[in-house]
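Assembly of the complex is requested from the two constituent chains, each provided in isolation within its own frame, with the hints serving as guidance.
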Amino acid sequence: MTMTEQHHPNDLIIICRDVHKWYGHYHALRGINMQVHKGEVVVIFGPSGSGKSTFIRTINRLEEHQRGEIIVDGIRLTHDVRDIERIRMETGMVFQQFNLFPHLTVMDNITLAPIWVRGWSKAQAEEIGMQLLKRVGIPEQARKYPGQLSGGQQQRVAIARALAMQPKIMLFDEPTSALDPEMIKEVLDVMIELAESGMTMLVVTHEMGFARAVADTMYFFDQGQIVESGPPEQIFGDPKEARTKLFLSQILSH
Amino acid sequence: MSTTTTSLPARAEALPPPTERYTVLGWLHKNLFSTWYNALLTVIFGVVVILLLRSALEWALTQARWEVITANLRLFMVGQYPAAATWRAWACVVLLALLIGLSWGIWGRNQRAGAITFGALPFLLAILAHGEARVALLIVGVAGAIGFALSRWRSAQLQRITILGWVIYFPLVILLISGLGSADGPLSLVTTNLWGGLLLTLLLTVVGIVFSFPLGVLLALGRQSSLPIVRALCVIYIEVIRGVPLITVLFMAQLMLPLFLPGVTIDRVVRAMAGIVLFSAAYLAENVRGGLQAIPRGQYEAARALGLNTWKMMLLIILPQALKAVIPILVGQFIALFKDTSLVVIVGLLDLMGIAKAVLAQPDFLGLQAEVYLFVALVYGVFCYLMSAFSQRLEARLNAAR
Ligand SMILES: Nc1ncnc2c1ncn2[C@@H]1O[C@H](COP(=O)(O)OP(=O)(O)O)[C@@H](O)[C@H]1O
Ligand SMILES: [Mg+2]
Numbered sequence: 149m150t151m152t153e154q155h156h157p158n159d160l161i162i163i164c165r166d167v168h169k170w171y172g173h174y175h176a177l178r179g180i181n182m183q184v185h186k187g188e189v190v191v192i193f194g195p196s197g198s199g200k201s202t203f204i205r206t207i208n209r210l211e212e213h214q215r216g217e218i219i220v221d222g223i224r225l226t227h228d229v230r231d232i233e234r235i236r237m238e239t240g241m242v243f244q245q246f247n248l249f250p251h252l253t254v255m256d257n258i259t260l261a262p263i264w265v266r267g268w269s270k271a272q273a274e275e276i277g278m279q280l281l282k283r284v285g286i287p288e289q290a291r292k293y294p295g296q297l298s299g300g301q302q303q304r305v306a307i308a309r310a311l312a313m314q315p316k317i318m319l320f321d322e323p324t325s326a327l328d329p330e331m332i333k334e335v336l337d338v339m340i341e342l343a344e345s346g347m348t349m350l351v352v353t354h355e356m357g358f359a360r361a362v363a364d365t366m367y368f369f370d371q372g373q374i375v376e377s378g379p380p381e382q383i384f385g386d387p388k389e390a391r392t393k394l395f396l397s398q399i400l401s402h
Numbered sequence: 034m035s036t037t038t039t040s041l042p043a044r045a046e047a048l049p050p051p052t053e054r055y056t057v058l059g060w061l062h063k064n065l066f067s068t069w070y071n072a073l074l075t076v077i078f079g080v081v082v083i084l085l086l087r088s089a090l091e092w093a094l095t096q097a098r099w100e101v102i103t104a105n106l107r108l109f110m111v112g113q114y115p116a117a118a119t120w121r122a123w124a125c126v127v128l129l130a131l132l133i134g135l136s137w138g139i140w141g142r143n144q145r146a147g148a149i150t151f152g153a154l155p156f157l158l159a160i161l162a163h164g165e166a167r168v169a170l171l172i173v174g175v176a177g178a179i180g181f182a183l184s185r186w187r188s189a190q191l192q193r194i195t196i197l198g199w200v201i202y203f204p205l206v207i208l209l210i211s212g213l214g215s216a217d218g219p220l221s222l223v224t225t226n227l228w229g230g231l232l233l234t235l236l237l238t239v240v241g242i243v244f245s246f247p248l249g250v251l252l253a254l255g256r257q258s259s260l261p262i263v264r265a266l267c268v269i270y271i272e273v274i275r276g277v278p279l280i281t282v283l284f285m286a287q288l289m290l291p292l293f294l295p296g297v298t299i300d301r302v303v304r305a306m307a308g309i310v311l312f313s314a315a316y317l318a319e320n321v322r323g324g325l326q327a328i329p330r331g332q333y334e335a336a337r338a339l340g341l342n343t344w345k346m347m348l349l350i351i352l353p354q355a356l357k358a359v360i361p362i363l364v365g366q367f368i369a370l371f372k373d374t375s376l377v378v379i380v381g382l383l384d385l386m387g388i389a390k391a392v393l394a395q396p397d398f399l400g401l402q403a404e405v406y407l408f409v410a411l412v413y414g415v416f417c418y419l420m421s422a423f424s425q426r427l428e429a430r431l432n433a434a435r
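Which chain is which? The protein sequence lines are A and B, in order. 149 is the number of the first residue of the first sequence in my numbering; add one for each residue after it. 34 is the number of the first residue of the second sequence in my numbering; add one for each residue after it.
Derived by calculation from the structure, the hints in this document are not laboratory data. Computed from a predicted model, the values in this text were never measured in an experiment. There could be a bad hint or two in this list.
[Stated by the list, open to error] Straight-line C-alpha distance at most 30 Å; calculated DSBU-like pairs for lysine-lysine: (1) A:Lys282 to B:Lys345; (2) A:Lys316 to A:Lys333; (3) A:Lys316 to A:Lys270; (4) B:Lys345 to A:Lys292; (5) A:Lys270 to B:Lys357; (6) B:Lys390 to A:Lys292; (7) A:Lys292 to A:Lys316; (8) B:Lys390 to B:Lys372; (9) A:Lys316 to A:Lys282; (10) A:Lys186 to A:Lys388; (11) A:Lys270 to B:Lys345; (12) A:Lys282 to A:Lys333; (13) A:Lys270 to A:Lys282; (14) A:Lys316 to A:Lys186; (15) A:Lys316 to B:Lys345; (16) A:Lys333 to A:Lys186; (17) A:Lys282 to A:Lys292; (18) B:Lys357 to B:Lys345.
[Said to hold, decoys possible] Over 10 Å on every C-beta distance to chain B, these chain A residues come out as not near it, computed from the model: (19) Asp166; (20) Tyr171; (21) Ser196; (22) Asn208; (23) Ile219; (24) Glu274; (25) Arg309; (26) Lys333; (27) Met356; (28) Leu400.
For each residue, glycine too, the CB sits at the ideal point set by N, CA and C.
Next up, chain B with everything else stripped away, as it sits in the complex (with noise of 0.2 Å):
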């Protein structure tokens, strides 16, 4: 080395902390060749793996008869309801598609991973079917490709607006599907009993969010109330839902509704979607009283003493913390819920769970088990990731907020 002398710096400087970074050779290295159990363990699954799989394939590709999904996809999307009001479907999804856009524009972390999402989205989309269907998926990817887009060049102005079409999503879609009171028209009324398949799961599931949230809170909120009253009966109300299978809450929505409100026809998808409601709160107010005793009791008493009335403390200070802490089980829970619903098909509602019982029955795919429960089973699983990984997601918003 040569003799020139460094003076030592006046401050250490600060530098980036050292990044972790592994050819393949070195992963595959550490992570399953590390000692020689470690191999073993690895040449052992590796071979079992690829066997299961590979007998897996050959059945998917050669002998499973996937016929039994494509003629009856219709079916499994939105069950009897009606070609004619169809559009009204694809009209949800597409709004939705849009909301989605935009709000990845606006809030999102990845915005190279939403570009490249939306941009590929309509090709993605439109290979995957064809007929109408193509060209409804086609305006599905467009529509959330044109929300991302705007989002992009406004984020700010369009904020507010993106909130308010969440808000009102859930009332319009609701007023899609079933239409208005008028026998014709666009907008003609289509009866719940011609609700079903994957429409009628999630439409069952979102009900069931959207009103067993609020339900929920106020039930938690009343189980600590000072009021002996409404304490002992939000905790009755608790314990004796939860002491009970959903499938009994479900029979006896059926059966016990119209007692309680006679003189009303209610229908059964409307009496189910009570049942869950009912059910989903129960244990959402036990989730959300978890959050509440969570917080400490300065935050009750910093709000008082700033005078704040029970209700502001509540809204404002205590209810968005611990909703916050427990975002993670609620999303479990409505995850739960989401699955929960298929248990509809015992009071004899077609959802996807009951359309699939019903192709099975069509004489022309007898002992098609396999292929109909595997789509099934990848439909939920597929809307059961996307929910785990939004709850992802929202967290790792919300604690960057710290």
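For reference, chain A alone in the conformation it holds in the complex (with noise of 0.2 Å):
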């Protein structure tokens, strides 16, 4: 499913140019450049503390770049408020400690946004609701409290509610990593459903069998660089670098 080189360059909606960021003297991201196209599905792997989760962060403005340029579906990632709130309208997030809001309902945790942020009607909010709902697989947990789900749960719900904004890109941050093992493959399999429904995902994930499945773009970071980047055949069956090639070992070896 290698998409990238059949793309338009309008087809861009991910353009990062030379990206850099510190924490304090801390250089975490040092001269990222990224192109991500409609409908492409990125997966961003790399040892812990490489950068990875500044990177994506970075996208929907939850960190701060310090240079270069971040352009998301058109609109160039500067101090505005009014533009930041729009590219985080369009981008979905999910996180690795789910973040649900504990104290609302599941169902109004997926209608909170859509109705506060888009100005949706409550019946119309909680239609797209339960058809999320049904499509990550949890109907009937729609009156609970997240409390009262499995992580695994918890996860699509996570994912419900990003959808529900309707987002024109999802953003994932190791969303398996904090699950039980037997609970990953319920939401790597709603992820995997997502990919081929056409969204545009960056996922930051250290499962290759998702990565070889739906990934058409791989990006190796280390120390707040990419190291490699190419599709999953290549990445997999041809690393360039020696550096890819012993993560790689360290992790398949698992």
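Structure below.
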């Protein structure tokens, strides 16, 4: 499914040019360049502390970049709050720790942003919410609270919550890392279905089965830089860099 | 036993947990006489308690001159509030009873206790007093019972009306108690220097809570603000107020407010209210800040990632969780506020405590401190108990929603 080469340049939905980020004196991102086409599935992997989360969070401005430029869906990320809110409406995010709102029911978690940000009616939002809950396979949990669900169910609610805003891009930051092994599959299945439906996705993950199945492009991060990128066949079959090879051998041996 | 063979069930049956049940003797044994030294302590304390209670009861029933209370009951309750307008204070109580009845029926957990309470309430209240007060108390009890009955009958439809009722209750009370500008008519103006007794104590408390709550929340948010000036102002305000006793703030409010607002005459009660609000807000801000700090970063990030702006994020996601986490602390603070209002005596207001002092100064009742202060303590105690009981219910209710 390597579609990257067949796309027109105006199909680009995310453009990152020479993105830098410092935490105090610590240089966390050191010149990231990435272009993502509509419908592309990007998998980002690399050792802990290599800046994967930091990078994916600069795309919806949860972290601010300090040099270079990021353009999402034609909007350049600056300090302009309205632009930031527009971009956040177009990008859904799924976190490692789910971050569901514990004081709201599953349904209210999902309908909150459509009602308060998009201005939908409650009935309309709940109808779409129910469709999404069916899509992620847990319609019967709508009236429960997050604390009453298993980790896998919570993460699927989190995906439904992000999708409820009808985003053009979905960002996933290690969505299965906090899950018990038997629950990983149920979340990955939802993500695979989403990828196949044509959603643009940036996924930080070490689930190499998932990458092999649906990724269009993989990026290997180390020390705040992209060490190597390419389609999965190339990354798995013929990695160019020694660091990539070493890292892959480490995680695949698990 | 017979020789019937039992086959194992396919699946272990789910059994209810064993319940501990004690007989009276069993309970006594477990809690009071489990060891020889426990038994000894029980006996010693029992004797002490009986001796104390006996002399206290003896005093209360034979020596105490309770007529100091009964003769001045009106003063204790409403101070100098005009007799012709007393019905307005009663109307507030009646409305409150109605709202409580409705709310219990709609949201209460223990409906049986509700039915018993509201069924017995009219009779209980009516035997407490005589004359006009008995009629009024009877109406209060009946209002509560009607509210409860109505809500049992139509709980879904009445939910909105009840919430609305609570929202307008506070302004309505202020309107009823103070009246309107015109000098005569049923809602004639009652100037605040006539407000007194329990009425004034409760008004000071409620005004303190209602206004210091939003102010305190704003201060707590301001203290977390990313704007340095806002943050600095909030920190200074909170720390200055917290570094000063309430009496000082009350004096300052009496003396300074007229200086800050020249040309406007603000009466003493309003100045005292302002002092209480400003004081309480600083403490509330600190307590709310504690709740805010308990909210994980992920909640902010999830809210932001969904496109919520700062205000919506705070109102919909952060504050509900933060406030819920500090409900017990806030109720504790409000109970303290209720008791602290008695300090307004110092600036010359006649709240419940002020009336107590005034009554004790009457020549007929000199030297009856024990009776008067016991009565005042009882009134404070009842209200504090009600507040803390309510907060425990609320907490249990909110936790059950998890
Ligand atoms: N808020 C922060 N303040 C300071 N340093 C941070 C912060 N967040 C991340 N870092 C540092 O930046 C580096 C990259 O972090 P991160 O993007 O979370 O890595 P990854 O997701 O690849 O494990 C790490 O060294 C981390 O310690
Ligand atoms: Mg990370």
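Structure-based check of each hint:
1. At roughly 28 Å between alpha-carbon atoms, Lys282 of chain A and Lys345 of chain B fall within 30 Å of each other, so this suggested pair holds.
2. Simply put, Lys316 of chain A and Lys333 of chain A have alpha-carbon atoms about 24 Å apart, close enough for the 30 Å limit, and the pair holds.
3. The hinted pair formed by Lys316 of chain A and Lys270 of chain A meets the criterion: a straight-line CA distance of about 22 Å does not exceed 30 Å.
4. Our distance criterion of 30 Å between C-alpha atoms is met by Lys345 of chain B and Lys292 of chain A, whose separation comes to about 23 Å.
5. Our distance criterion of 30 Å between C-alpha atoms is met by Lys270 of chain A and Lys357 of chain B, whose separation comes to about 25 Å.
6. With a C-alpha separation of about 56 Å, the suggested pairing of Lys390 of chain B with Lys292 of chain A is violated against the 30 Å cut-off.
7. Between Lys292 of chain A and Lys316 of chain A the CA atoms are separated by roughly 28 Å; this keeps the pair inside 30 Å, and the hint holds.
8. A threshold of 30 Å between alpha carbons decides the hint, and for Lys390 of chain B with Lys372 of chain B the separation of about 16 Å falls inside it, so the pair holds.
9. The hinted pair formed by Lys316 of chain A and Lys282 of chain A meets the criterion: a straight-line CA distance of about 20 Å does not exceed 30 Å.
10. About 27 Å separates the Cα atoms of Lys186 of chain A and Lys388 of chain A, which keeps this hinted pair within 30 Å; it holds.
11. A C-alpha spacing of about 17 Å is found between Lys270 of chain A and Lys345 of chain B, which places the hinted pair at or below 30 Å, so the restraint holds.
12. Pair hint Lys282 of chain A plus Lys333 of chain A holds up; C-alpha atoms about 17 Å apart against a cutoff of 30 Å.
13. Among the hinted pairs, Lys270 of chain A with Lys282 of chain A is consistent with the structure: their alpha-carbon atoms are about 18 Å apart, no more than 30 Å.
14. In summary, the hint linking Lys316 of chain A to Lys186 of chain A is supported, as the alpha carbons are separated by about 8 Å, within the 30 Å threshold.
15. For the given pair, Lys316 of chain A sits about 23 Å from Lys345 of chain B by alpha-carbon distance, which is consistent with the 30 Å threshold.
16. At most 30 Å may separate the alpha-carbon atoms for a hinted pair to count; Lys333 of chain A and Lys186 of chain A meet this at roughly 26 Å.
17. With a CA separation close to 15 Å, the supplied pair Lys282 of chain A and Lys292 of chain A stays within the 30 Å bound.
18. Taken as a hint, the Lys357 of chain B and Lys345 of chain B pair is honoured in the structure, with Cα atoms around 17 Å apart against an allowance of 30 Å.
19. Listed as a non-interface residue, Asp166 of chain A keeps its Cβ farther than 10 Å from every Cβ of chain B; the least gap is roughly 25 Å.
20. Every C-beta of chain B lies more than 10 Å from that of Tyr171 of chain A, the closest at about 15 Å, which supports listing it as non-interface.
21. Annotated as non-interface, Ser196 of chain A keeps its C-beta farther than 10 Å from every C-beta of chain B; the closest such distance is 18 Å.
22. Not every CB of chain B lies more than 10 Å from the CB of Asn208 of chain A, the least distance being 6 Å, so the non-interface label is violated.
23. No Cβ of chain B approaches the Cβ of Ile219 of chain A within 10 Å, the least distance being about 18 Å, so the stated non-interface status holds.
24. Every C-beta of chain B lies more than 10 Å from that of Glu274 of chain A, the closest at about 17 Å, which supports listing it as non-interface.
25. For Arg309 of chain A, the requirement that its beta carbon stay farther than 10 Å from each beta carbon of chain B is not met, with the minimum near 7 Å.
26. Under the 10 Å C-beta cut-off, the non-interface status given to Lys333 of chain A relative to chain B holds; the minimum distance is some 24 Å.
27. Every CB of chain B lies more than 10 Å from the CB of Met356 of chain A, the least distance being 26 Å, so the non-interface label holds.
28. At roughly 30 Å from the closest C-beta of chain B, the C-beta of Leu400 of chain A stays outside 10 Å, upholding its exclusion from the interface.
In the structure shown, a violation is registered for the earlier hints numbered 6, 22 and 25, in ascending order.
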